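Engineer: Next come the chains, spelled out residue by residue.
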Amino acid sequence: MKINRRDFLKLAGYGSAIFVSGLAGPGRWAGAADGDGFLFVQMSDTHWGFSNPAVNPDSTGTLRKAIAAVNDLNPQPDFIMFTGDLTHTTDDEKERRKRMTEFRDIAGGLKVKKLNYMPGEHDASLDEGAAFKDIFGLTHYSFDHKGVHFIVLDNVSDPTGSIGDEQLQWLAADLKKQDKEVRIVVFTHRPLFDLAPDWDWHTRDGAKALDLLMPYAHVTVFYGHIHQENHRTTGHIAHHSARGLMYPLPAPYSVPKKMPVPWDPAQPYKGLGFRSVDAKARKAAYDLTEYGVKGEKR
Amino acid sequence: MKARTGKMPAVALAVLIFFLGASLMEVCAIADDAGQVIKITAKRYEYNPDTITVKKGVPVVLEFTSLDRLHGFNCPGLGIRTDIAPGKVATLRFVPQKAGTFPFHCDNFCGSGHEGMTGTIIVTE
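First to last, the sequence lines map onto chains W and B.
According to the working numbering, the residues represented by the first sequence are 1 to 298, in order.
According to the working numbering, the residues represented by the second sequence are 1 to 125, in order.
Next up, chain B with everything else stripped away, as it sits in the complex (with noise of 0.2 angstroms):
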């Protein structure tokens, strides 16, 4: 059997680049609301801000950033951790899978106020 090999009609083809395109684009636009960026900022012996919330299911990426020694950040109910050295910006990306309140503290450590040095992430649903 010969296979058909007919040309696509130039409307079709429009059609297809126009909801290929509103596609790409509905994409770019989740891939921005993914990137919700939260900047913290470490010193001793806080983070600022200290409560974080996010939702579950939306991505997200927190960016550290020292202002004075090497910290750390460890939140365990979420399985995310990262060193933050001064001079530099650590990042974390992570999808919150389930709802609650989480602690994280700094896991390097820093000096008198270390083991006080906490803060808590708040995912809603």
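If we strip away everything but chain W, and leave its shape as in the complex, we get (with noise of 0.2 angstroms):
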């Protein structure tokens, strides 16, 4: 079944928030017997380091302003997971370690202090992920909070846009770990799914990764890359792309060639912002609210 953002608003009737179930039918998951909820947040995109007046003119000041609406959350989230392209690519090796290290030390004014991260292509694409390696950590792995089994995929540092036969491994091993009932949150940068392939809105051995998960009854990914909204199910398996935080890009094959989205004065920020998820205890769900870079609801 595929669910677009407007069946989802249809579905929460009106108002942000939007419930969003992680099952194909009626079903329990493992692994909340501690019975807490908890708030996690996605921040993605962020492209520290971009530079185009006409696209962002407070290119420099987008990412501080969501920080702080960050900050003013309440509850605060149990963490943060940026969803990579943290930086704005660059050809410059040293210019790179550099965005890579302004990027860190702003996110580091988050009052949440765990905060997780990814690459983008635009971070990792060029060297293969050597300086987010050094500088932010590992570009794959997963985590277990308050019962939720959390994996995250790199698919951005083969700069064709593979997760790789090495990387499929892995992940096959930890999922076998796993409890088929168990509540798991898959993050990557591109989608796993073709959701535009000339577009470059794939992953190649995406499915691979699919196949694997299918398996387990209770998997949702969320994912960053196209700059925007979007909601897919792939069998069971739901897929919420988020805004980015410095430009919009066009809805997948609304205009010839895929271009950022000029900044409207109108309504400045227009299209950027992060999204809280809501893990609620005891259900396969989750409630996304769709926040703005100054933490106005959606």
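What the hints contain is simulated information worked out from the structure, not anything from laboratory work.
Warning: the hint list may mix true and false statements.
As the list claims (entries may be wrong) - Below, simulated SDA-like cross-link-like pairs (lysine to any residue); rule was C-alpha separation at most 25 angstroms, straight line:
hint	chain 1	residue 1	chain 2	residue 2
1	W	LYS257	B	ILE40
2	B	LYS43	W	ARG97
3	B	LYS43	W	LYS270
4	W	LYS94	B	GLU115
5	W	LYS270	W	GLU128
6	B	LYS43	W	GLU128
Claimed, not checked - Between beta-carbon pairs, the in silico distance windows are:
hint	chain 1	residue 1	chain 2	residue 2	range
7	W	ARG282	B	LYS98	53 to 59 angstroms
8	W	ASP179	B	PHE94	44 to 50 angstroms
9	W	ASN52	B	PRO103	32 to 38 angstroms
10	B	GLY116	W	ASP264	22 to 28 angstroms
Remember, predicted model here, so these are calculated numbers, not experimental data.
Beta carbons are placed, not taken as given, at the ideal position from N, Cα and C, and that holds for glycine.
From the two separate chains plus the hints, produce the assembled complex.
Structural biologist: So this is what it looks like as structure tokens:
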């Protein structure tokens, strides 16, 4: 079943909070015996270092505004997940590391100190993730939080936009340790499915990862890369992309050539923002709340 | 009824060989035409040439060489793509089935000018 944003809003009725189920049907999920729900925040595509006033005249202020807005959330999230393209690409390796260091310092202004990073192709495709690893750490990893198993997949360090066999083997081994009913959240930069391959909005071997995830009953994927919300399902797996924090991109295949959407002085920061995800206790479901750069609910 | 097993006259055989040979030569000529080879170099952030003109129905061979790093070639309108890795020639063979103008682009992220690494294939009638 395909679900687009309009369908979601219809389901939600009104308002900015969107109920999102990771289930195809009724079921239970394991691992939440401790019973606590929790919030996490997804921030994406901050493109630190990008400079084009026609697209974003506040390129050095947008991220800071979003961080201030996250700091104002009440309750605070348990952790922040940055889903890639922390920095805008540069062919100068020294400049790349400088941008990453600056980004890390700015992100340090978040009240929440549990920050999880992953690279986008702008961060990692030119050096296969070398600078990212030096400054932020691993490009793929997993962790558990309050009964949810989180998996971070790197589909950008390989410039072909692939996960690669070695990482797929790691994923298979990681999943093998999980109960089929456990709630799983996957973070990627690129979509794992073919959203718009001709716009590079896909992962060449994403289907292999989805095949490995399919036996698990409660899987939800959060990703970035496309600088806009998009909500789809493949089988029983839900996929949610996030807005970016530097410039929006047009809807898939809506224009002949993919280009950043120009800044609209009448609606500054339009199309930019972040989301909080409410992982409900004892429910295989999430409430997504979309925020603008200054923390206004969408 | 007894089947005829008579020998083919030598003249007829010679004529047959002549025409067969002529046909084979014709096939070879077409094969040469079919191999309309177009060599294309790729480097940050351009293809050379970046405009390629071919003819509908005539087979084409595109030979790509990268002058620096991994690039890609993707022409969605014609349904053809390949990786272009340094140090080896990437070859694409196809027969254009429709006339028109078909943009192509690099689909392996190659740097700051990646989004602008594009070109066009023009297929004439």
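Engineer: Against each hint, give a clear statement of whether it holds in the structure.
Structural biologist: Structure-based check of all given hints:
no. : hint                                    : in the structure
1   : LYS257/W - ILE40/B                      : holds (23 angstroms)
2   : LYS43/B - ARG97/W                       : holds (24 angstroms)
3   : LYS43/B - LYS270/W                      : violated (36 angstroms)
4   : LYS94/W - GLU115/B                      : holds (22 angstroms)
5   : LYS270/W - GLU128/W                     : violated (33 angstroms)
6   : LYS43/B - GLU128/W                      : holds (19 angstroms)
7   : ARG282/W - LYS98/B: 53 to 59 angstroms  : holds (57 angstroms)
8   : ASP179/W - PHE94/B: 44 to 50 angstroms  : holds (49 angstroms)
9   : ASN52/W - PRO103/B: 32 to 38 angstroms  : violated (23 angstroms)
10  : GLY116/B - ASP264/W: 22 to 28 angstroms : holds (24 angstroms)
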